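Q: As a plain string of letters, each chain reads:
Number of protein chains: 2
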Amino acid sequence: MSTPPYELIYAPFAPGRGEHIRLLLEEAGVTYTDTTSLGWDAALAANQELLKGRDGNPPYFAPPLFRHGDLIISQTSNILMYLGSKLGLAGSTAEDAFRVNALACTALDGLSDEVHATHHPISGTLYYEDQKDESTRASKVWINVRLPKFLAYWESVLASKGGPWLMGETFTYADIVLSQCIDGVKYAFPKAMAHLDEKSEYRRVFGHWEQVRARPRIAKYLASDKRQKYDNGIYRYCPDGDVVPETAAASV
Amino acid sequence: MSTPPYELIYAPFAPGRGEHIRLLLEEAGVTYTDTTSLGWDAALAANQELLKGRDGNPPYFAPPLFRHGDLIISQTSNILMYLGSKLGLAGSTAEDAFRVNALACTALDGLSDEVHATHHPISGTLYYEDQKDESTRASKVWINVRLPKFLAYWESVLASKGGPWLMGETFTYADIVLSQCIDGVKYAFPKAMAHLDEKSEYRRVFGHWEQVRARPRIAKYLASDKRQKYDNGIYRYCPDGDVVPETAAASV
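Sequence lines, in order, name chains A and B.
Those letters in the first sequence? Residues 1 to 252, per UniProt numbering, in order.
Those letters in the second sequence? Residues 1 to 252, per UniProt numbering, in order.
Possibly wrong hints are sitting among the right ones.
Copies of the same chain look alike in the list, so a pair counts if it fits in one copy or across any two.
With a Cα cut of at most 30 angstroms, we get these calculated BS3-like pairs of lysine-lysine [to be verified]: (1) K149 / K132; (2) K149 / K52; (3) K186 / K52; (4) K161 / K226; (5) K161 / K86; (6) K161 / K52; (7) K226 / K140; (8) K140 / K191; (9) K220 / K191.
Calculated directly from the structure, the hints in this document are not laboratory data.
The structure displayed is predicted, hence computed values, not measured ones.
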């Protein structure tokens, strides 16, 4: 029996949630297909088809989807855990896989979902323009209260094991997820992040972001045409909400 | 070596995210400890202590936490997946565990996190009273646009395998999560949910909610003192935002 292909089913519009999965596959050095390369219409059709549930798989609510042989699954953290365990990027032991998943879920919750929510505070189903004032308010609170808290938390994780990676000496997909999230937050809130990057208290987190991006296979991918631009995806740049954190500034 | 105990580390204030874990443990019929029973101060101290990371575990960001021997993990979906696989509630095959996790994550995203966000649209760090108008607006959009979409999705999952459970004939912890989420949404939006319950198009979802609650061990737990009341947790009742869905009403 031949090895089934790794198939990412996602739409082309921004790196999005699918990017964590792409980066994991690139780091592992395996061949995979990505419906993103088919263009919008074909990618959307593939998504709609697989969301219905087939071959013994339940219907799923939203992309990204992933197919590997007969298995079709959804949910970013779930796909990452499946691939991470299969491709040797989920830590050294079976128990580590759950520590790594906890870290990945925490990065996605705080530095991806919460950031997206600052741009769509009333509802993800309404246009940004219909909730612009609320978004500006939400962004300012997030930058002042949540962002420093998250950076301090990740700094503590990197410090606790002595680095260079979140799980110590073993590189895992949680490193990929954190680095990609930091990258997105830098795009969405450049002023806030530049200010925080200048301070030494988060040097491990910003250093980690660079170290992950410098890994040979990831660096090659990031420099390629396959890496999409941020635009109207999870991470959006809205100048009105991008402020220098007050608390952090006061503590200098 | 004796079997290590199952230890839930959470605080007493509402069923909360920890409830999914309690219900899984009750259904499995295993003995477990729950810091909730220690009262607020002791529970909080236990949380703070374990969040720091120890015994080779990384620091974690927020409860619920779970300890099983040397392993300490966070993140509700992650704890459920760990316990579900160990206690025979994650489906029939290793691959099913990822289908079940996808379903559980989708229920938690849509019917727990999104509901909590309608009460704290600007920020989870601000009081409800400081974002009351925004919350009312967010709740109305959610009830009209998102809630019917989620109910239709879960109806399709239950229909696709012929029931009685999400994975067909095999009961899994995804059933527990969906039922507990529906229970919470019924508390938060009683008027909206009563209206939707009267319609036949979601009969599988509402029937499923009852069937899970009627399982002997779960029914016994729900009738006990251990089951906490909803109050200021994820699910809050705010009358201003609880409306009869317009779209659904129009389609009758």
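Q: Now look at each hint and say whether the structure bears it out.
A: Tested hints:
In this assembly of identical chains, the alpha carbons of K149 and K132 lie at most 30 angstroms apart whether taken from the same copy (25 angstroms) or from different copies (25 angstroms). For a Cα distance limit of 30 angstroms, the shortest separation of K149 from K52 across copies, 14 angstroms, qualifies, whereas the shortest one inside one copy, 39 angstroms, does not. Proximity of K186 and K52 under a CA criterion of 30 angstroms is satisfied inter-copy only: 27 angstroms between copies versus 36 angstroms inside one chain copy. Within a single copy, K161 and K226 get their C-alpha atoms no closer than 33 angstroms, and across copies no closer than 38 angstroms, so neither meets the 30 angstroms cut-off.
For the homomeric pair K161 and K86, the shortest alpha-carbon distances inside one copy (24 angstroms) and between copies (28 angstroms) are both at most 30 angstroms. For a Cα distance limit of 30 angstroms, the shortest separation of K161 from K52 across copies, 12 angstroms, qualifies, whereas the shortest one inside one copy, 43 angstroms, does not. Taking CA atoms no more than 30 angstroms apart as the test, K226 paired with K140 passes in neither setting, with 33 angstroms inside one copy and 40 angstroms between copies. In this assembly of identical chains, the alpha carbons of K140 and K191 lie at most 30 angstroms apart only when taken from the same copy (12 angstroms versus 34 angstroms across copies).
When the C-alpha separation of K220 and K191 is checked against a cutoff of 30 angstroms, the pair qualifies only within one copy, where the shortest distance is 27 angstroms, while the shortest distance between copies is 55 angstroms.
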